[in-house]
Amino acid sequence: MKDKLGIVSDWLPRYTGQRLEEFGSHVLLTNFIGYLETFCTLTGAAIVDREKPMPCASADGLTMIDFGMGSPNAATVMDLLSAAMPKAVLFLGKCGGLKRKNRLGDLILPIAAIRGEGTSDDYLPPKVPALPAFQLQRGVSTMIRDFGRDYWTGTVFTTNRRVWEFDEGFKAYLRTLRCMAIDMETATIFAAGFANRIPSGALLLVSDQPMVPEGVKTAVSDALVKARYVEDHVRIGIEALKLVRRNGRSVKHLRFEDELE
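Counting from 1, position 77 in the sequence shown corresponds to residue 76 in numbering that gives the first Met the number 0; the numbering is continuous, with no gaps.
Check before you lean on any hint, since a few could be wrong.
[As the list claims (entries may be wrong)] Label pairs and their computed distance ranges (CB to CB):
| # | residue 1 | residue 2 | range |
| --- | --- | --- | --- |
| 1 | Lys-170 | Ala-226 | 39 to 49 Å |
| 2 | Gly-117 | Arg-196 | 21 to 31 Å |
| 3 | Arg-99 | Gly-43 | 17 to 27 Å |
[To be verified] Dumping the calculated SDA-like pairs for lysine to any residue here, alpha-carbon to alpha-carbon at most 20 Å:
| # | residue 1 | residue 2 |
| --- | --- | --- |
| 4 | Lys-98 | Arg-174 |
| 5 | Lys-241 | Leu-41 |
| 6 | Lys-98 | Asp-149 |
| 7 | Lys-126 | Gly-153 |
| 8 | Lys-51 | Gly-33 |
Source of the hints: derived by calculation from the structure; they are not laboratory data.
We put the beta carbon where it would ideally sit given N, CA and C, even for glycine.
Let the hints inform the model, and build the full structure from the sequences given.
Structure, rendered in structure tokens:
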């Protein structure tokens, strides 16, 4: 256990319950057990071990992992996945819509994420932007259209702060950033993915409108979002990764090597 590969090769199975050789070449990430259950319903997969910190399921060369909530967990799962080195990782997350035009159930395909969480500073210098792999996002865009859906593009603000909806000063700051959405994981996944040489992307579902009091997420509103929109969200993610796999293209948006080219 003297090097990173030795550590993550032991820890990825320990956290998920799944052997390294059983991981799919394309990975979906979520932080909701309901998403993992939906994946199983749609694919016929079975959750390997619900008691593990990051339960997962695999089918047809795809693996979905429920890594939990927040940027530290997002960084951890990207580090651990370096043991399996998937060809692409797509995060299916929920987010708060920051614009009046956002509606519950809208899809947001991020073109970048602002690193407000701090965790990603352990992976890249603060001034380096958090970007997805372009070809991966392109495949997701195509699949959204194939499903007859539309989507927003824009920047996501990623924060470690979970309870802020009451803080008018923080909301005023968010308005100055001109972001489309806010979440707790996207920037970390992009940055840690790049640092680990894993092409990464995200497709976010607007689950609340936290800039106004009546839009703050509640148990009732979250249940409504789950019932109406989650299955399509997962379906699009599955089919997008299958599309990327069929095309057989590299989804690296930049070279991962250190030299300037």
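Comparing the hints with the structure gives:
no.: 1; hint: Lys-170 to Ala-226: 39 to 49 Å; result: 28 Å, violated
no.: 2; hint: Gly-117 to Arg-196: 21 to 31 Å; result: 22 Å, holds
no.: 3; hint: Arg-99 to Gly-43: 17 to 27 Å; result: 41 Å, violated
no.: 4; hint: Lys-98 to Arg-174; result: 9 Å, holds
no.: 5; hint: Lys-241 to Leu-41; result: 14 Å, holds
no.: 6; hint: Lys-98 to Asp-149; result: 16 Å, holds
no.: 7; hint: Lys-126 to Gly-153; result: 19 Å, holds
no.: 8; hint: Lys-51 to Gly-33; result: 15 Å, holds
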